[in-house]
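Chemist: The listed protein sequences correspond, in order, to chains A and B.
Numbered according to the working numbering, the first sequence spans residues 1 to 224.
Numbered according to the working numbering, the second sequence spans residues 1 to 356.
Derived by calculation from the structure, the hints in this document are not laboratory data.
Take the hints with a grain of salt, since some may be wrong.
Said to hold, decoys possible - Derived, one-sided and incomplete: chain A residues facing chain B with beta-carbon distance under 10 Å:
| hint | residue |
| --- | --- |
| 1 | GLY55 |
| 2 | LEU56 |
| 3 | THR60 |
| 4 | GLY62 |
| 5 | ARG79 |
| 6 | PHE89 |
| 7 | LEU97 |
| 8 | ILE112 |
| 9 | LYS114 |
Claimed, not checked - Covered stretches of chain B, as calculated for chain A (at least 3 residues, CB under 8 Å):
| hint | stretch |
| --- | --- |
| 10 | 1-7 |
| 11 | 263-275 |
The beta carbon of each residue, even a glycine, is placed where N, CA and C say it ideally should be.
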Amino acid sequence: MSVIELKNINKDFGKGISKVQVLRNVNFQADRGELSLILGPSGSGKSTFLTIAGGLQTPTSGTVTVEGQQLEQMTAKERDELRLNKIGFVLQSYNLLPYLNVGDQFALVRKIKKNGNMTEEELRVLLKELGIETLLKHYPDEMSGGQNQRVAIARALYPNPEIVLADEPTAALDSSRVEVVGELLKQMAVQHNKAIVVVTHDLRLRNYADHIYQIMDGKLSQEK
Amino acid sequence: MFLALKEIKHEKLRYGLIIAMIVMISYLMFVLMGMMLGLANENKAAIDTWDTQTVYLNKNANDNMSQSLITSDQLKDKKLNGHEALVGQAPVVMKKVQGKSLKESAQFIGLNSNQYIAQKNIPLAAGRHAKNSSEIVVDESLKAKGYQLGDKVKLNSSKEQYKIVGFAKNSQLNVAPVVYGRLSTWKTLRGVAPQVVASGIISNQSEGANRFNDLEHYTANQFIQKLPGYSAQNNTFAFMIGFLMVISLVIIAVFLYILTMQKMPNYAVLRAQGIPARYLVGTTIHQAVILMVAGICGGLILTLLTTWLMPMTVALVLDWPLIALMVVVLILLGVIGALLPVRMILKIDPVRALNG
Numbered sequence: 001m002s003v004i005e006l007k008n009i010n011k012d013f014g015k016g017i018s019k020v021q022v023l024r025n026v027n028f029q030a031d032r033g034e035l036s037l038i039l040g041p042s043g044s045g046k047s048t049f050l051t052i053a054g055g056l057q058t059p060t061s062g063t064v065t066v067e068g069q070q071l072e073q074m075t076a077k078e079r080d081e082l083r084l085n086k087i088g089f090v091l092q093s094y095n096l097l098p099y100l101n102v103g104d105q106f107a108l109v110r111k112i113k114k115n116g117n118m119t120e121e122e123l124r125v126l127l128k129e130l131g132i133e134t135l136l137k138h139y140p141d142e143m144s145g146g147q148n149q150r151v152a153i154a155r156a157l158y159p160n161p162e163i164v165l166a167d168e169p170t171a172a173l174d175s176s177r178v179e180v181v182g183e184l185l186k187q188m189a190v191q192h193n194k195a196i197v198v199v200t201h202d203l204r205l206r207n208y209a210d211h212i213y214q215i216m217d218g219k220l221s222q223e224k
Numbered sequence: 001m002f003l004a005l006k007e008i009k010h011e012k013l014r015y016g017l018i019i020a021m022i023v024m025i026s027y028l029m030f031v032l033m034g035m036m037l038g039l040a041n042e043n044k045a046a047i048d049t050w051d052t053q054t055v056y057l058n059k060n061a062n063d064n065m066s067q068s069l070i071t072s073d074q075l076k077d078k079k080l081n082g083h084e085a086l087v088g089q090a091p092v093v094m095k096k097v098q099g100k101s102l103k104e105s106a107q108f109i110g111l112n113s114n115q116y117i118a119q120k121n122i123p124l125a126a127g128r129h130a131k132n133s134s135e136i137v138v139d140e141s142l143k144a145k146g147y148q149l150g151d152k153v154k155l156n157s158s159k160e161q162y163k164i165v166g167f168a169k170n171s172q173l174n175v176a177p178v179v180y181g182r183l184s185t186w187k188t189l190r191g192v193a194p195q196v197v198a199s200g201i202i203s204n205q206s207e208g209a210n211r212f213n214d215l216e217h218y219t220a221n222q223f224i225q226k227l228p229g230y231s232a233q234n235n236t237f238a239f240m241i242g243f244l245m246v247i248s249l250v251i252i253a254v255f256l257y258i259l260t261m262q263k264m265p266n267y268a269v270l271r272a273q274g275i276p277a278r279y280l281v282g283t284t285i286h287q288a289v290i291l292m293v294a295g296i297c298g299g300l301i302l303t304l305l306t307t308w309l310m311p312m313t314v315a316l317v318l319d320w321p322l323i324a325l326m327v328v329v330l331i332l333l334g335v336i337g338a339l340l341p342v343r344m345i346l347k348i349d350p351v352r353a354l355n356g
C-alpha cells in the first residue's frame, strides 16, 4: 500500500464567475524509498498540491490517504498530530526559527514530540551526512543559504516522518548545492526509507527522481 | 516556556526595552502608591493611634473637627464613659523660645488627662507623658527638625511657655505634627466661651447616633474620608495608579501584538509542521508573564532604592500586602494584554508557510 495517495482531487478557489479550479482530478501516490518529483511553472498548482497532500487544507472533492488514514475524516487537531508524527516539511523560506540555534531547532521538536524521534546517535550521523555537525550552536542568520537548507532537511527528518514534502528545496541554492541537495533527498528516500515528494520548477533535480510528474493548469501527469 | 525564554535571550535589546518600560511604569505605580499611603497616614495617623471607632462633632461644624465646638448644654449632663474622650483641636504655630529660632505649623490636641487617650493612646518614642498644663508631648517628626526634650516653646501669640517632655510616635493630623496638651490650654488658644468643653468626642468603641442626640455622629471611616483634602488626594493618586495600569496593559498588548505579527511566517511554518496552536499560545502568555515579572522586579528594586535614598521628610509608606496585590493585578493585566496576539495565533493559516 502506498504511504500517501491522492485520489480524484479537485480544488477550487472562489465562487461563481470568480471561481478558479486550481487542481483538476489529480491522482497521485508515493511509496517509501522513492523520490517523486513534481515539476511545473509558477501558478500551475504545485503549492496547492503540496498543502493538500500535507493536510494543511482540504480538497473541494477527492480523498487524501496517509498511511491508510483519510485526512478528510480527521479533525484539525488530528491533522496537526499527523503532520507532527508522519509528515516532514522542507520549505523554501522561514523554515527555521531565527532565534533558535541549530541544536535548539531539534530541542523544540523534542519538547513537543516526546517519543519516536531519531536517537542522539542517529541525529549525529544525519548531521554528519549533511555536513552540518559543527553548526549546532549557530543561528540561522550566521549560516549560508545552503547550510540553512540542510539544517531544514535535518529538522524535517528528525521526528522520523514517513513522508517528506519539500517545496522548492533548491530555490536558494547555487548549482553545486543543487546537486548536493538532490543527492541528499535521494539518499534520504533510499537509506532512511522515506517517501520524498518534491515540488519544484528546478529541472536539475530530474536526475535524482524515481518518478517525475508534470503539473500544468492543475492537471497532473506522470512522465513515462 | 522554552520558546519564550529562547526568544527573549536571543532578542535581548528588543525585550530589554519592553522590560525597561514596564520597570518604569511599575516603579511609578509603587512610588505613587507609597506616596498615597504616606500622605494618607500623615492625614490620619493620630486618629488611628487613638483606636477611633466613633466621632461626635457639632452639627454646624461642616464635618471639620477644628471648626467644631461642643458646649456642655449639648452633652445634656451625659457623663462620658471610659471609652470616650473629649478632644480639642486647633491649628497652631509653635515657636522655639531658646537657642536656634524654629517655627513649625502644627495641630494642637487638647486632652483631659483622666480620659482614655491621654492615659493609654499616646505611644511615646522618647520622654514621658505631660503631668501638668505647661507640659506638652509632640510628634517625633519634630525631633528631626531640631526640637529636643526639655525645649520650651510658645504656641501662636500666647505668652505662656510650654516644655516638651515627650515625643509621640505616629502622631500626625491633617498633614501636620500633633502637639498634645491639656484641654484648658486648647480653650486658651481658641479663646472660647466657658460653656465650650471641646471640639469633639472620640470613642474607641462603635457607638450609635443617639448617644449624643445634639451632636453629629461619624464612624471612624466617615470621619477620615471627610478630613480636609483627604478624599480628593486619595482619588487623584488612585486615578493616576489606575491610569498607569491601563497604560501597562496597552503597552504589553501592543508590543506583543507587533512582535507576534512579525513572527507570523515562523508560526505558520511551526503550525504546518504540526506544532499545536496551544503551544504557541502558551509561549505568548509565558512571554507576557516573564516580561511583566522581570519589569515588576526591576520596579520593586528601584522603589526600595528610592525609599532608602529618600529623606525621611518625604511621606512614602510601602504596604507589602497591597504591593503583592498590585503585582498580581499587573501580571494579570499582562496576560490579558497577551490575549490580543493569542487571537492572531489561533487564526494562523499554516498554508501561509508555503505561500510565504
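Chemist: Confirm or reject each hint.
Modeler: Here is what the structure says about each hint:
A hinted interface residue such as GLY55 (chain A) counts as satisfied when its beta carbon comes closer than 10 Å to some beta carbon of chain B; here the least separation is about 9 Å, so the hint holds. Hint status for LEU56 (chain A): holds, given a least beta-carbon distance of 5 Å to chain B, under 10 Å. Violation of the interface hint for THR60 (chain A) is found here, the shortest Cβ-Cβ separation to chain B being roughly 15 Å, above the 10 Å cut-off. Given hint, GLY62 (chain A) at the interface with chain B, is violated; its Cβ is 17 Å from that chain's nearest Cβ, farther than 10 Å.
For ARG79 (chain A), the interface hint holds, the least distance from its beta-carbon to any beta-carbon of chain B being 8 Å, beneath 10 Å. Given the 10 Å rule on beta carbons, the hint for PHE89 (chain A) holds: about 5 Å separates it from the nearest Cβ of chain B. At a threshold of 10 Å, the smallest CB-CB gap from LEU97 (chain A) to chain B is about 5 Å, leaving the interface hint in force. Taking 10 Å as the C-beta cut-off, the interface hint given for ILE112 (chain A) holds, the closest approach to chain B being about 6 Å.
Given hint, LYS114 (chain A) at the interface with chain B, is violated; its Cβ is 13 Å from that chain's nearest Cβ, farther than 10 Å. Counting residues of the stretch 1-7 of chain B whose CB falls under 8 Å from any CB of chain A gives 4; the rule of at least 3 is met. Under a criterion of three residues with beta carbons nearer than 8 Å to beta carbons of chain A, the stated coverage of the stretch 263-275 of chain B is upheld, 10 such residues being counted.
In summary, the structure is inconsistent with hints 3, 4, 9 from the numbered list given earlier, while agreeing with the others.
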